[in-house]
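*Asks:* Add chain B to chain A, keeping to what the hints say.
One line per chain: the protein sequences are A and B, in this order. Take the first sequence: its position 202, counting from 1, is numbered 201 in numbering that gives the first Met the number 0, and each next residue is one higher. Take the second sequence: its position 270, counting from 1, is numbered 269 in numbering that gives the first Met the number 0, and each next residue is one higher.
Calculated directly from the structure, the hints in this document are not laboratory data. Be careful, since some hints might not be right.
Some residues of chain B that are not near chain A, with every Cβ distance over 10 angstroms (derived) [stated by the list, open to error]:
| no. | residue |
| --- | --- |
| 1 | H53 |
| 2 | L93 |
| 3 | K443 |
Cβ-to-Cβ under 7 angstroms is the rule here; a few derived chain B residues that face chain A [stated by the list, open to error]:
| no. | residue |
| --- | --- |
| 4 | R326 |
| 5 | M333 |
| 6 | Q366 |
| 7 | V385 |
| 8 | G403 |
| 9 | D406 |
| 10 | G411 |
| 11 | S414 |
| 12 | W415 |
| 13 | I416 |
| 14 | V424 |
| 15 | N428 |
Computed footprint of chain B on chain A, listed as stretches where at least three residues anywhere in the stretch have a Cβ under 8 angstroms from a Cβ of chain B [to be verified]:
| no. | region |
| --- | --- |
| 16 | 12-23 |
| 17 | 290-298 |
| 18 | 346-353 |
From a predicted model like this one, the values you see are computed outputs, not experimental measurements. Ideal placement from N, C-alpha and C gives every residue a C-beta, glycine not left out.
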Amino acid sequence: MTMLPEKSGPFTHAETSVTRTMTLVMAALVPATLFDAWLFGWPAIFLFITTVGSCMALEALCLNLQGKPFDRALSDGSAALTGWLLAMSLPPWAPWWVAFIAAVFAICVAKHIFGGLGQNVFNPAMVGRIAVLVSFPVQLTAFLAPHPLFAAASPGFMESLTITFGHAASLDSVSAASALGFIKTELSRGVPVSESLTKIPDLMDMAMGARAGSFGETSAVLILLGGLFLMAKKIISWHIPVTVMGTLFLMGSLFNAVDPGRFEPGWFHLVSGATFLGAFFIATDYVTSPVSKEGQLVYGFGIGLLTWVIRTFAGYPEGMAFAVLLMNALAPIIDHNIRPRAFGRTRKGEPLAVRGDQ
Amino acid sequence: MKLFPVRGGIHPDYRKDATSEKPIVALPMPAVLHILLQQHIGASAEAVVSEGQHVKKGELLGRAQGAVSAPVHAPTSGLIKAVTRCPAPHPSGLDQLTVVLEPDGKDEWGDLLPPIKDPFAATTDEIALRVAACGIVGLGGATFPSSVKLNLGKIHKLEMLLLNGAECEPYLTCDDRVMREFADEVVDGARIMAHALGTPKIVIGIESNKPAAIKAMTAAAEKVTGVVVAPVPVQYPMGSERHLVQAITGRETPIRKLTADIGVVVHNVATARAIHHAVRFGRPLINRVVTVGGGAVAEGKNIEAPIGADVQDLIRFCGGLRESAHRFVNGGPMMGQPLPSLNVPVIKGMSGILALTKKEANEHAPQPCIRCGSCVTTCPCGLVPVEMAAFIRNDKLDMAARSGVQDCFSCGSCSWICPSHIPLVHYFNYAKGALAAQDRDARKIDRTKTLVEARNARLEKVAEAKRAAAAARKAKTATPESDKASA
Chain A
0 MTMLPEKSGP
10 FTHAETSVTR
20 TMTLVMAALV
30 PATLFDAWLF
40 GWPAIFLFIT
50 TVGSCMALEA
60 LCLNLQGKPF
70 DRALSDGSAA
80 LTGWLLAMSL
90 PPWAPWWVAF
100 IAAVFAICVA
110 KHIFGGLGQN
120 VFNPAMVGRI
130 AVLVSFPVQL
140 TAFLAPHPLF
150 AAASPGFMES
160 LTITFGHAAS
170 LDSVSAASAL
180 GFIKTELSRG
190 VPVSESLTKI
200 PDLMDMAMGA
210 RAGSFGETSA
220 VLILLGGLFL
230 MAKKIISWHI
240 PVTVMGTLFL
250 MGSLFNAVDP
260 GRFEPGWFHL
270 VSGATFLGAF
280 FIATDYVTSP
290 VSKEGQLVYG
300 FGIGLLTWVI
310 RTFAGYPEGM
320 AFAVLLMNAL
330 APIIDHNIRP
340 RAFGRTRKGE
350 PLAVRGDQ
Chain B
0 MKLFPVRGGI
10 HPDYRKDATS
20 EKPIVALPMP
30 AVLHILLQQH
40 IGASAEAVVS
50 EGQHVKKGEL
60 LGRAQGAVSA
70 PVHAPTSGLI
80 KAVTRCPAPH
90 PSGLDQLTVV
100 LEPDGKDEWG
110 DLLPPIKDPF
120 AATTDEIALR
130 VAACGIVGLG
140 GATFPSSVKL
150 NLGKIHKLEM
160 LLLNGAECEP
170 YLTCDDRVMR
180 EFADEVVDGA
190 RIMAHALGTP
200 KIVIGIESNK
210 PAAIKAMTAA
220 AEKVTGVVVA
230 PVPVQYPMGS
240 ERHLVQAITG
250 RETPIRKLTA
260 DIGVVVHNVA
270 TARAIHHAVR
280 FGRPLINRVV
290 TVGGGAVAEG
300 KNIEAPIGAD
310 VQDLIRFCGG
320 LRESAHRFVN
330 GGPMMGQPLP
340 SLNVPVIKGM
350 SGILALTKKE
360 ANEHAPQPCI
370 RCGSCVTTCP
380 CGLVPVEMAA
390 FIRNDKLDMA
400 ARSGVQDCFS
410 CGSCSWICPS
420 HIPLVHYFNY
430 AKGALAAQDR
440 DARKIDRTKT
450 LVEARNARLE
460 KVAEAKRAAA
470 AARKAKTATP
480 ESDKASA
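The shape of chain B in the complex, shown without the other chains:
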């Protein structure tokens, strides 16, 4: 398959060997699960269970609210201990509304939605509704509700479903294992999605450092028609959907547009598998594969963990820590988030838990920038990080915005390569947050202004009407007098 070059990028030390040959193992059911109601982009789910209620596996715990939202389900049968606020795996460490479930050990399935007998005869709405009902979100980490993306075929002319199996983040091997062990399920899920989207073609992009996954997926793809496996170059951030689309199709997604605007919809491989389960068996998304790795973990593993299991439980299942970890990361080391604590639950978007040693993190105090230009060369978005950071450091956010800081998707290539160890992404994340806040304020002011102007106009109109009425009255009372005078 002909591939197209992608700008910039880096070649970090992949360190996938520690877990890539470890088959997926199921986590023994923990004593308690904390299921967050907000595990996705969009509106939070609304709890439909209450304290003391007994639920079965797969039963609805929280229902979706609004167009962009996703429900959450019980990963096992048990007792609802509470619906309360608990710490979330978010860098802020703030609490979020959580359903606390105590498993009863029976792991008893409740009533599931009936399987869709022939998905290829089903309508887009049927499939999208099913995917929505099963709480499936993008498992690559973005956690965007998948059903919304399945409807894109209605408003865009799509040519291709691109399945993202790049897994370009170092350490992570969960997608690799899913492709190797469940290739048929992934391909079936992809075909169901392609049917819903109305795309004739399915391409599965896999970085060429995963030969076993490429082999397994190729074998699965050969059993059906219209599915092609495309090995893509090992180049971080190949897993960024816009860049993967460019590598495969040569098309560049215009800024602030979707890949769907250029005819391609991208889904993660694990999402495809979840959709297979939802459509063929009616099973909601209640567990996911998480890579637990990093040099500080006794034995790295790929764990199929129920949503809501404690991060601490997963690390304990890996034999605990062999040395004290310098950093704990939720996700990959490049774009992952720092974990505020180990007492936070697994969520749908959690692809990895990393306990990194000091040596692996290789952090140093920042030094002056020597303008080496490495950040410019590596930026896959064609930005000039050195310039943006200088603007931000001098609090010139408008200038930083003009030089494109909002185009940055925080892939971290610039920070990774910087010989002066300048935390560039940290600057950019700060600026993006501050600019978004400014934007919100500006919109608020605008809205207030519009409202005030509308009110003034209304009052003016009322006053005008009053004046007119008064004038008319006056005219009325004046006329008889003038009549009298003339008489």
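Chain A extracted, bound-state conformation:
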């Protein structure tokens, strides 16, 4: 008998697959998603379904146009995950067309124009979010205070359908600024940070998520739980989350110590906005982050620093998405320049010196 050995070893393989990775990331998002769905009610649920559905449909369409088998690519879960993260970055009561346009930018522009899975330079979900944020600033900054499902003041099922799919009623009656937005507005009115800080929800509420903000970003604790789960499963490592949050915290604390009236404290930066979601789920996106741990440290530091700079000095209250995209652009350069030291070689690639012949 003759067997044709058509491939080199190894002849065993870990139980890893793209689908498993994507599924685990989605599983890690479940607690925060469920909590936020409850917190913001039916409109948020409709928005979530619309975003994920749009992303998957657009993925199938793009693959079909390229003549690629779309069943397999859909089953890898990458499009669903992009949709999921995109939904979590949108204001919970945003209208359906915002979600759809964001999905077009995420899947068609950011992902498939660059060559599909694994080829995109920029994080698709963040491209989608930024595209709608700069195009429709009103809808994208219309955050609202929590309206828990089945609570008296919350919209019912039918009413919620009109919020998401109908003519968007004015949200003025329900909208509330996010903590970051509130402090920025107050600062521009001349109210020092130290004073406006007293008017935002307390630290515990901020961390638990009972505050105004994007759909998925409000519950820092549940996001952290998901992030720790991913670390335990070795899907992500500590390098990016710790450097992102550490840099943000240090910059915040440092400048707050210098001028508490102008700069928000470090803890505030940590629990507000998309810090946790960004650090654990957005910045850790495999495709758009550096491949080496050494590079990831630089990348995480860059995101933390840029987020702080944008939050503190730029026009937008939240800077995580911009910071991620800016560092995405640098990831190839980081990969090129920061690499592990090869065994038996110096950092420069020269062979190590043998003892005694230096």
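*Replies:* Chain B only, in chain A's frame:
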């Protein structure tokens, strides 16, 4: 013992339980043996027997040729049926020169070399010559002639003989069993080697998932002085000699240097046992322990098989296959080679024969790379496999070389972990082969150029000499004329 961290690595499913408790059993003598003349790194052996000749057990069949080579011996007594080309257990499936031996069933020993009475009074040359004469090669799989390595003490200042009992490949238990059942022989062999090398210290590195082997070896080591057993962490590829040296000594072998350059020589445990046999009894290397395993084999075993036995005979001895195997592997599943057929003989470097089921192999069609970086994290050589594979796929071999593809020793950690099932090692093996071929071509061109330049220079010199001679002649004939004219 203080250990040092080693970069990267993986923790595959070890699946050693199936055979680790199975004592070594001898294979019943097969009807025919195919003894390859090339079972080692270096020059092939040259046959010294011919068709129709009767040989005894241990008799020389092929003698070593050149400095790096090894002889082969008759694993049993019998009749030489032919010296011809037969299939070798190499992925190419190509034939190699083979001595075909038909055992006569008597298993009669021939005249052996006399035992070296006191090996610790013998010189390095005596021991190295004996090891060379007995055809001993590295039994861990590298099959480098051991005698060459025993001479390293002459050119390097050595501090330690490191005995490699890591056996980090999944499934394989042959070294484990050898350490458990022949601990004293292994330790004695190690002490003989250390004496030849002139190293004061012997460390035996064993992965801590082999507690019985650690216990047996520790007991054997305690009977003598200067031998230490070091349990090392279970982390593939701990059995790679450079990485084992790093774990034990903290020293990192510079690239393109030997571990001997940093004072350590590494030998496999089974090699130590073979050297014990060679020195104490004059017995050549004519059999080895092979683990036959994998989910498709009816009953996995550790078999002491004569060199040259058919792989098919070993599988039959294990009760055949219980289901059809997806892959047959020569060696471990990580770094082993695909077997081209089951009708190939056991060679000195064959540590395992695996019949893997589809489920065990867990192969899937490659998907796009998602740049997860797992390959970078697991690479024990600190390379960036994802980048090298991208270069190779785009046929930029020079770029792949610059990013270090030739530093890769194909441990397979990256391919194993890759969630997209990209056959990274396959890319690297292709690139290494292509680069080596380029290198050979470049050297050939260089050599041709040098020769052409030398020839041109020579011709030029001859022409110059001719010109000079002609000028001199002319001057000679011209002078009388001018004399005449002036006269």
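*Asks:* Run every hint past the structure and note whether it holds.
*Replies:* Now the hints, each set against the structure:
Against the 10 angstroms criterion, B:H53 stays outside the reach of chain A, whose nearest CB is about 32 angstroms from its own CB. With a least beta-carbon separation of about 12 angstroms from chain A, B:L93 lies farther than 10 angstroms from that chain, consistent with its non-interface assignment. Listed as a non-interface residue, B:K443 keeps its Cβ farther than 10 angstroms from every Cβ of chain A; the least gap is roughly 26 angstroms. Evaluation of the B:R326 hint against chain A yields a held restraint, the C-beta minimum of about 5 angstroms falling below 7 angstroms.
For B:M333, the shortest C-beta to C-beta distance to chain A is roughly 5 angstroms, which falls under 7 angstroms, so the interface hint holds. Proximity of B:Q366 to chain A holds as hinted, the smallest CB-CB distance being about 5 angstroms (cut-off 7 angstroms). Taking 7 angstroms as the C-beta contact cut-off toward chain A, the hint placing B:V385 at the interface holds, the least distance being around 6 angstroms. Proximity of B:G403 to chain A holds as hinted, the smallest CB-CB distance being about 5 angstroms (cut-off 7 angstroms).
At a threshold of 7 angstroms, the smallest CB-CB gap from B:D406 to chain A is about 6 angstroms, leaving the interface hint in force. A cut of 7 angstroms between beta carbons decides the hint on B:G411: the least distance to chain A is about 4 angstroms, and the hint holds. The restraint placing B:S414 at the interface with chain A holds, with a minimum CB-CB distance near 5 angstroms, inside the 7 angstroms limit. For B:W415, the interface hint holds, since its Cβ comes within 7 angstroms of a Cβ in chain A; the closest pair sits about 5 angstroms apart.
Satisfaction of the interface hint for B:I416 is found here, the shortest Cβ-Cβ separation to chain A being roughly 5 angstroms, below the 7 angstroms cut-off. Interface restraint check for B:V424: the shortest CB-CB distance to chain A comes to about 5 angstroms, inside 7 angstroms, so the restraint holds. Because the closest C-beta pair between B:N428 and chain A is about 5 angstroms apart, less than 7 angstroms, the hint holds. For the region 12-23 of chain A, the assignment as covered by chain B holds, since 8 residues bring a beta-carbon within under 8 angstroms of that chain's beta-carbons and 3 suffice.
Taking a C-beta to C-beta cut-off of 8 angstroms, the region 290-298 of chain A contributes 4 residues in contact with chain B, enough for the three needed, and the coverage statement holds. Chain B is given as covering the region 346-353 of chain A, and this holds because 5 residues of the stretch bring a CB closer than 8 angstroms to a CB of that chain, at least three being needed.
Consistency note: the structure conflicts with none of the earlier hints.
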